[in-house]
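Q: Chains A and B supply the protein sequences, listed in that same order.
Going by our numbering, the first sequence opens with residue 1, and the numbers climb by one from there.
Going by our numbering, the second sequence opens with residue 1, and the numbers climb by one from there.
One or more hints might be untrue.
In silico DSS-like pairs for lysine-lysine, Cα to Cα no more than 27 angstroms straight-line [stated by the list, open to error]: (1) Lys200/A - Lys704/B; (2) Lys38/B - Lys182/A; (3) Lys562/B - Lys182/B; (4) Lys188/A - Lys398/B; (5) Lys397/B - Lys181/A; (6) Lys133/B - Lys181/A.
Which bits of chain A does chain B cover? Going by a derived footprint, with three or more residues having C-beta under 8 angstroms, they are [as the list claims (entries may be wrong)]: (7) 15-26; (8) 121-132; (9) 380-390.
Just the calculated beta-carbon pair ranges, DEER-fashion [to be verified]: (10) Gly142/A - Ala727/B: 52 to 58 angstroms; (11) Gly180/A - Pro65/B: 23 to 29 angstroms; (12) Phe69/A - Ala680/B: 45 to 51 angstroms; (13) Gly180/A - Met143/B: 24 to 30 angstroms.
It should be emphasised that the hints constitute simulated quantities derived from the structure, not laboratory data.
Yeah, the Cβ is synthetic: ideal placement off N, Cα and C, and Gly gets one too.
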Amino acid sequence: MILAGCDGDRTWRLQDYVARGGYAALRRIVAEKIPQDTIIGELKTSVLRGRGGAGFPTGLKWSFMPRSFPGDKYLACNSDEGEPGTFKDRDILRYNPHSVIEGMAIAAYAMGAARGYNYIHGEIFEVYQRFEEALAEARAAGLIGQNILGSDFSFELFAHHGYGAYICGEETALLESIEGKKGQPRFKPPFPASYGLYGKPTTINNTETFASVPFIMNMGGEAFLNLGKPNNGGMKLFSVSGHVNRPGNYEIPLGTPFSELLEMAGGMRGGRKLKAVIPGGSSAPVVPGSVMMDCTMDYDSISKAGSMLGSGAVIVMDETTCMVKALERLSYFYFEESCGQCTPCREGTGWLYRVVHRIENGLGRPDDLDLLNSVTANIMGRTICALGDAASMPVQSFVKHFGAEFEYHIENKKCLVPPEVQRAGSQIYVSPSC
Amino acid sequence: MLEIEIDGKQVQVDDGSTVMDAAAVAGAYIPHFCYHKKLSIAANCRMCLVQVEKAPKPLPACATPVTNGMKVWTHSELAVKAQKGVMEFLLINHPLDCPICDQGGECQLQDLAVGYGSSASRYQEEKRVVFNKNLGSLVSTDMTRCINCTRCVRFTAEIAGEMELGQAFRGEHAEIMPFIEKTIDSELSGNIIDLCPVGALTSKPFRFAARTWELSRRKSVSPHDSLGANLIVQTKHDVVKRVLPLENEDVNECWLSDKDRFSYEALNGDDRLTAPMIKQGGEWKRVDWQAALEFVATGLRGIAKDHGPASIGALGSPHSTLEELYLLQKLVRGMGSDNVDFRLRQADFRADGKRSGAPWLGMPIAGVKDLNRLLVVGSFLRKDAPLLAQRVRQAAKKGLHVSAIGPNAEEWLLPVKHRALVAPSAMVAVLAEVVAALSAAKGVEVSVALHGKLPAVVSDEARSIAESLAAGRKVAVWLGSLAAQHGRASELQMLAQEVARLSGGTFGFIGEAANSVGAYLAGATPGADGLNAGAMIAQPRQAYVVLGAEPDFDFADPAATKAALGGAQLVVGLSAFDSASLRGVADVLLPIAPFTETSGTYVNCEGRAQSFTAVARPQGETRPGWKVLRVLGNMLSLDGFAQGDSEAVRDEALAGGVAERLDNGLEGVLVSSVVAAAGALERVADVPIHFADPIVRRAPSLQKTRDAAAPTARMAPETLAALGVNAGERVRVRQAGGQAELVAQADAGLAPGCVRIAAAHLSTAALGAMSGDVSVERV
């Protein structure tokens with residue numbers, strides 16, 4: 001859908017997007033003066049759920065924006081894609097930036113916002129530059145700016161690039177960052193819908209969410225919903241990485257069996273056995289391979305398996321993987337990316353990393369697994385934002401599903417997966433782009 | 001109103017309250033670190049997590065708004081488990097070496113760790129180390145102890161008005177720090193020591209000097225600015241070790257200026273005067289009290305006999321207590337002289353005899369928050385009255401529009417909406433323009449006294465000020481020290497009175513010193529036959545009694561003062577310090593107790609009489625000033641010097657009441673429309689915050705701050721250019737026969753044609769009067 005037809009040359013240009021049917025939805029809405037409620041209603045019907053990770057119904061979120069608020073209202077697009085394993089938004093912005101622009105313009109129309117920002121991850125500067133170019137095209141074509149397509153609807157959209165802090169993907173930290181402050185989450189309430197950017201009502205959605213909007217407007221909410229399965233409407237991009245033969249982005253209907261997705265990604269590398277999958281980005285709890293093979297790729301099924309669909313970053317691990325080492329890497333990430341504002345996360349993420357690091361290096365102690373469980377329990381639900389939970393869930397799930405490996409590390413001061421197996425795993429890995 | 005149940009107790013709270021507010025109403029204590037009632041909510045420490053009905057997770061009490069019918073448990077199993085979990089996190093990287101920490105014994109973290117910490121740590125890794133920061137001479141750091149509550153950061157940004165601290169870096173590497181290589185230069189910086197819940201920020205002067213439990217805590221009142229901040233003075237073995245704020249919402253709230261907090265160091269310094277001294281044959285000799293007082297009594301009696309009582313003059317400092325000033329004036333009046341004054345820096349005394357009462361602020365200090373228009377005339381508001389400025393800063397956030405008239409526009413860290421930046425000589429004219437424009441805007445006729453005295457042409461600045469005031473609901477006009485010391489101060493007062501009348505507001509004086517109002521009530525001003533402070537210098541007397549003032553620093557014209565005193569037969573200096581300046585002119589020095597060693601009363605700018613008692617025994621042979629004056633009165637056989645204690649003196653002084661005698665009303669001063677000759681350079685003199693009185697100018701740590709930098713010759717860039725002088729060059733400034741060599745400094749916040757040169761400093765004492773024409777040339 002979003003990435004359909006995006007494999008040719010210069011497909012991101014406005015003329016190509018228009019050739020694919022782009023901006024038809026916006027034109028129709030502006031020309032026919034479709035009521036705001038109709039648009040939001042269509043979104044509700046589609047059961048488009050937020051593609052950034054939390055899966056909150058988008059239509060409902062849009063309906064929270066105070067319609068009669070006097071003064072400025074803002075729109076923000078969260079393209080601060082920093083979650084390890086996730087690389088879908090940058091491809092959307094790289095190959096189909098106009099779908100995001102159109103989606104945001106429709107959102108602005110539906111919520112009465114006059115100004116929007118697309119906050120783009122700092123490390124993908126070329127994507128930021130491309131989006132700026134796309135914006136210039138759209139502006140020149142009268143698709144954003146004052147009096148869009150000759151109507152009385154005006155919407156200014158700006159690109160804003162961050163500097164690489166993972167925390168700026170948290171929506172309120174993102175707002176702080178746009179305001180020029182240090183990217184640290186705000187406590188909620190108040191929520192952005194009432195007190196957002198510059199203290200004004202603001203709606204923040206993920207890049208993929210906005211990019212989906214024009215398609216929903218074109219095909220209708222019902223049709224979009226039917227692409228997926230009930231309560232899990234539409235298509236979704238999955239960033240498949242890890243021990244598969246063809247890692248990459250796959251746009252598939254929600255509800256597709258995981259086994260099919262794995263098949264699309266070329267199956268397991270070297271025909272090895274699937275050990276574990278992190279189905280929704282590094283913050284999502286890990287799921288053992290056997291459980292995963294019975295799951296379908298949608299919010300409800302993954303949730304039933306004890307994890308989350310999250311941003312749709314599917315990290316596949318085969319039998320050569322040392323789970324302690326994998327967790328050490330993840331814990332280091334959260335330790336490094338905690339903003340340092342609130343106590344449990346600032347102090348707890350470092351503690352978690354150090355304990356896992358100790359176990360990995362043969363210095364584990366018998367009660368370390370209890371300690372990890374206790375520390376994560378003390379972090380979860382007690383922080384300002386969800387980073388504390390995100391740091392805790394991998395630890396809890398790794399220990400839960402692969403506790404034996406951790407215990408083996410602690411007792412034997414070495415890995416359950418023999419070093420030669422681990423080495424074999426890394427030796428045959430050849431990047432498909434090479 | 002909202003209903004909430006906290007720990008089973010029903011309470012009602014205002015709309016918009018948080019659970020923390022409600023807990024305070026219900027009397028439930030919720031542990032916390034980052035929350036502070038005067039600061040914005042950060043919700044970052046997570047210590048105040050409580051259980052809320054229907055909430056799946058514990059919620060921070062400080063940031064959770066009360067909803068009607070909410071049920072909260074502050075000490076349920078869920079809540080305490082969350083609180084204990086947070087405490088463990090706070091302690092893992094915090095050094096557990098309370099016995100060697102300066103905060104030990106008065107540490108919020110230590111206290112709460114008793115209730116919420118466990119006996120041993122589960123954290124066995126290496127602890128974090130954070131390098132210390134140099135915040136200047138007042139605040140010491142031990143940043144490894146910091147728990148990142150950001151109270152200090154929020155204080156500097158919100159209360160002090162300039163974000164001088166911030167949290168740099170991320171996660172575990174987060175550190176509180178000032179801007180690179182910058183110190184904290186706020187005049188309110190010491191408050192971050194009180195706010196810091198751990199030992200990360202402590203008092204540099206007090207560092208490791210004593211433990212909190214060794215200290216006696218006594219109430220007192222600050223002797224410095226006109227606010228009269230309430231103090232807790234902590235002593236050990238009769239030595240003042242530390243000064244902390246005593247919370248008084250009506251006066252200083254929970255804050256202190258650095259001057260109030262750190263000036264105590266001077267009290268323990270080497271240059272205290274600890275024994276009476278007499279100058280004989282050019283040599284100073286220690287004598288006992290009997291000999292000294294007999295010398296004084298005999299001398300005064302002899303001069304009164306030989307030259308008449310009117311040849312005696314008394315000059316008291318406005319930092320003296322009500323009791324001292326009352327007995328001083330009683331003493332000279334008892335001897336038949338009417339020459340007594342405390343307005344040592346004042347230049348215009350035409351209002352004497354035309355006032356309806358004692359000049360004061362004209363409104364309560366706490367009333368600042370209700371103002372919506374304020375006109376400040378001739379003031380160095382931020383440095384002269386730091387906590388009053390702080391209140392204006394908070395009120396400005398809620399919609400108070402501040403206007404200012406004067407030659408100075410230094411940073412007040414609050415928005416000044418309208419400003420007339422004019423030389424001192426033009427202030428009267430501009431204020432008259434404001435009156436004219438205000439009268440027109442309001443459609444109200446000006447008072448008869450001003451008929452025909454107002455300018456026909458009104459400047460844009462004056463008009464915008466007038467329009468701002470005209471739109472005011474609650475208006476005040478404040479005259480600052482520059483206005484009070486102005487050569488046409490009484491005309492400014494007349495006009496301010498008219499502005500207040502036309503705008504339906506109040507007007508008054510910010511006040512220069514702790515007892516500027518009290519001194520009026522004490523009667524320390526001359527009657528119709530007496531000479532005021534200026535006249536006593538201009539028409540030298542044979543004898544002077546100088547109470548708590550130093551000729552080089554505390555007078556409008558140090559050079560003339562020294563000449564007058566130097567030529568007198570007898571100068572009696574009553575002082576807490578062995579002052580070189582006093583030694584130069586005095587014949588006898590009597591050691592009197594500073595505010596910590598005597599009982600006394602200060603009446604602050606809002607007319608609040610605040611009495612205090614001694615917190616320490618007087619050092620050496622020092623005696624309370626009121627006792628010295630009382631004994632002198634007895635030795636001179638004067639009536640009415642039989643008071644047994646200072647309360648009796650106070651009651652006598654305030655017999656006519658306080659509130660009844662406060663009145664800024666003024667009648668019969670002629671407002672003229674004289675305009676100064678164009679082209680002259682005018683001096684603008686401030687009294688820098690840390691030079692303002694004998695105590696603070698001897699406080700070593702304060703003297704190391706930026707506010708205590710040596711005076712420069714500040715001029716607007718265009719003034720410098722016109723003179724052909726570059727900033728940074730040394731210039732010779734001449735004024736009325738005196739001269740000083742100073743460094744020229746560019747100051748865009750100064751009216752053109754002015755040279756701002758601080759008073760109260762030895763390097764500028766030779767210049768003479770605080771205002772007047774000066775010349776500047778490159779050295």
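Q: Hint by hint, note whether the structure agrees.
A: Here is what the structure says about each hint:
1. Lys200/A - Lys704/B: The given pair, whose Cα atoms are some 45 angstroms apart, is violated under the 27 angstroms limit.
2. Lys38/B - Lys182/A: holds (23 angstroms)
3. Lys562/B - Lys182/B: With a Cα-Cα distance of about 40 angstroms, the restraint between Lys562/B and Lys182/B is violated, given a limit of 27 angstroms.
4. Lys188/A - Lys398/B: This hinted pair holds, its Cα atoms lying about 24 angstroms apart.
5. Lys397/B - Lys181/A: Distance of about 20 angstroms is within 27 angstroms: holds.
6. Lys133/B - Lys181/A: holds (23 angstroms)
7. 15-26: Check failed, 0 qualifying residues.
8. 121-132: violated (count 0)
9. 380-390: Satisfied; 4 residues make the cut.
10. Gly142/A - Ala727/B: 52 to 58 angstroms: Hint holds: Cβ distance 53 angstroms, inside 52 to 58 angstroms.
11. Gly180/A - Pro65/B: 23 to 29 angstroms: With Cβ atoms ~27 angstroms apart, the hint holds.
12. Phe69/A - Ala680/B: 45 to 51 angstroms: violated (58 angstroms)
13. Gly180/A - Met143/B: 24 to 30 angstroms: The hinted range 24 to 30 angstroms holds for Gly180/A and Met143/B, with Cβ atoms some 26 angstroms apart.
Consistency with the previously given hints fails for numbers 1, 3, 7, 8, 12, ordered from lowest to highest.
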